[in-house]
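2 protein chains.
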Amino acid sequence: MLSIERPYLLFLGNSADALAPKTSRGIAEWRPDLCVGEYGDPLTLGLPKMSPAQAAAAGAKTFVVGLANAGGKVAPEWLPAILEAIDAGMDVASGLHQKLSDNDTIREAANRRGVSLHDVRHDIGELWVGTGARRSGKRILTVGTDCSVGKMYTSLAIERELKSRNYKVDFRATGQTGILIAGEGIPVDAIVSDFISGAVEQLACENDDDHWDIVEGQGSLFHPAFAGVSLGLLHGAQPDVLVMCHEAGRTRIKDNADYAVSSLRDCVDTNLAMSRLTSPDVALGAISLNCRTVDPDKVDTICRAVSEEFCLPCFDPMIHGAAAFADWLENRST
Amino acid sequence: MLSIERPYLLFLGNSADALAPKTSRGIAEWRPDLCVGEYGDPLTLGLPKMSPAQAAAAGAKTFVVGLANAGGKVAPEWLPAILEAIDAGMDVASGLHQKLSDNDTIREAANRRGVSLHDVRHDIGELWVGTGARRSGKRILTVGTDCSVGKMYTSLAIERELKSRNYKVDFRATGQTGILIAGEGIPVDAIVSDFISGAVEQLACENDDDHWDIVEGQGSLFHPAFAGVSLGLLHGAQPDVLVMCHEAGRTRIKDNADYAVSSLRDCVDTNLAMSRLTSPDVALGAISLNCRTVDPDKVDTICRAVSEEFCLPCFDPMIHGAAAFADWLENRST
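So the sequences go chain by chain: H and R. Going by numbering that gives the first Met the number 0, the first sequence runs without a break in its numbering and finishes at 333. Going by numbering that gives the first Met the number 0, the second sequence runs without a break in its numbering and finishes at 333.
Read the hints as simulated data drawn from the structure, not as lab findings. Built from N, CA and C at the ideal position, the CB exists for glycine as well. Check the hints yourself; a few may be wrong.
To be verified - Okay, derived cross-link-like pairs now, BS3-like style, lysine-lysine, Cα gap no bigger than 30 angstroms in a straight line:
no.	chain 1	residue 1	chain 2	residue 2
1	R	K98	H	K98
2	R	K253	H	K72
3	R	K253	R	K98
4	H	K98	R	K72
Said to hold, decoys possible - Computed, partial: chain R to chain H, Cβ under 10 angstroms:
no.	residue
5	T130
6	A189
7	Q201
8	C204
9	A226
10	L232
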């Protein structure tokens, strides 16, 4: 798997679109200790603003192009910053669909300066097809009603909470941001489809009986483009526990307004039913409710209603953390 | 997409394993008119035995390495035949995981002789992610209780029957054998997983209202390794009609004896339920029952029982053809 040198300088791009630096934001949020600073205007993630030269002098080893755009290509307006970072002697890491080395200017500059280009979506080792064989260790998988509802944040909040309680636990990253946070992982949506389940078997492999892998989910069984990835991930993860992630108030599928978001109940039932193929005793452990658009005064009321509906914890990982879920897990084990 | 010159010389390998030349067998069965002959011993597909030199003299343009093995690699014992074909001036086509051009000896021989190497699993054009947008034209998708139960044969039998009734119909290939039969297609298990649904939207794209695409299914929603591919295919196909394929008497999943084959009823219900996301009015049209291991005297009794259970046609495509299903389709439309 990948080996990316740290610490990072996070690139934010040059636009005011707060959604674009999704990967940089995730790293800053969950691993600020790995970040020397940030570069780009007018946005900020609350890190020190630094030029690549300043960051390199301060010890930064890798410039993270932590941006997403529709085409997944290196935008021309990002090029000067990437070249500045290369000139400063930093490696460059990206989670874009397009490889950094497919850009002639970037490849030639990197060769000249002797720095490495890391393409998180492409630098994948050998994979194998799934076996479905039951394996030791325990696994929690975050699943969702849609894309971009908070599966990675939920996974990381659970990892943080269980670590604080001295559980043996690892976050298992399946997307580019998660991989840059974890320092390793497999981008399941970027691999050959025959290997989806096998890749997740490999990523969250057998482990001690009291060890928990927190597997980052992707997509949704109810997303018309990405459900195949979600199902392969579900089967490969062999989850003991599912945590269903949803964004409060979202009624239409992201970038697919023709599609309604299915009910939480349908999503839970279908995920449990499909999980049972490889994990017959799977259980739902909690609902994670992303309340970013909810009036703060109403968050607890909404979460309480969902909690009562499912007789399980319901939490927003950014507001409440995952303590309620960890309590449920402890009570269940005893 | 691919463009492979015909006619073919089919390679059967050098072993007595009748299952190995799976792709060659499919081409010989469904498109004998495209085959000048066969090469290899001791197996036969009933075509004239010819050396590559003889076949080239008789007009063969492409040598088809229509063999499957566990690793998906060019077996050393196949190399002399492949080199013979190249020497005779034929292109070479393969559906193996390993690219022909990754074998130095083959690549250098092909370059020297000026012939083309076609890797059906690799020569994939640009793909896009699915949109889920409803599109015109009608589509039939074959789905299965497992891998290798007869989805391609069922699709081709339906194509043949509907063509004979003057339907506007196309077979849409999603696997290597199907692609060599159709001359075009997309190997959905060999593409990046993000694009599964989108690739099938592209393969079986919008068409005349009275045109039928017969989409070749892959895997099974109940296969622990490949269900993700099957679900992406299901969503991308937007099928109007599903045909459920099963091998009579098979009780364990292929190459996965830990897994039981689910009941036909469960497979039908789950496929219909999951299909409805992108095709709300989907219906089951028939059960295709592969009776290769059934006592010939009992085939009709078994098919009748399944037919009565589902109140739909049940046929073995190799024994009965797909006339019963075509009758059902005609009655339904009127």
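- Holds or violated: is the Cβ of R/T130 closer than 10 angstroms to a Cβ in chain H? Hint holds; R/T130 Cβ to chain H Cβ min 7 angstroms, cut 10 angstroms.
- Going by Cβ atoms only, is R/L232 closer than 10 angstroms to chain H? This hint holds: R/L232 lies near chain H, its Cβ roughly 7 angstroms from the closest one there, short of 10 angstroms.
- CA of R/K253 to CA of R/K98, is that 30 angstroms or under? OK: R/K253 and R/K98 at ~25 angstroms, within 30 angstroms.
- Message: For R/K98 and H/K98, compute the direct alpha-carbon distance and say whether it is at most 30 angstroms.
- Response: Judged against 30 angstroms, a Cα distance of about 22 angstroms means the pair holds.
- Message: For R/K253 and H/K72, compute the direct alpha-carbon distance and say whether it is at most 30 angstroms.
- Response: violated (40 angstroms)
- Hold the hint about R/A189 up to the distance rule: shortest CB distance to chain H must be less than 10 angstroms. holds (6 angstroms)
- Given hint R/K72 paired with H/K98 - CA-CA distance at most 30 angstroms: holds (27 angstroms)
- Message: Next item in the hint list is R/Q201. Is there a CB on chain H closer than 10 angstroms to its CB?
- Response: Violated, because the Cβ-Cβ distance from R/Q201 to chain H comes to roughly 12 angstroms (cut-off 10 angstroms).
- Tell me if R/C204 is really an interface residue toward chain H, meaning its C-beta lies closer than 10 angstroms to one of theirs. Since chain H brings no Cβ nearer than about 15 angstroms to R/C204, farther than 10 angstroms, the hint is violated.
- Verify the interface restraint on R/A226: the C-beta must sit less than 10 angstroms from at least one C-beta of chain H. holds (5 angstroms)
Hint violations for this structure: numbers 2, 7 and 8, all remaining hints satisfied.
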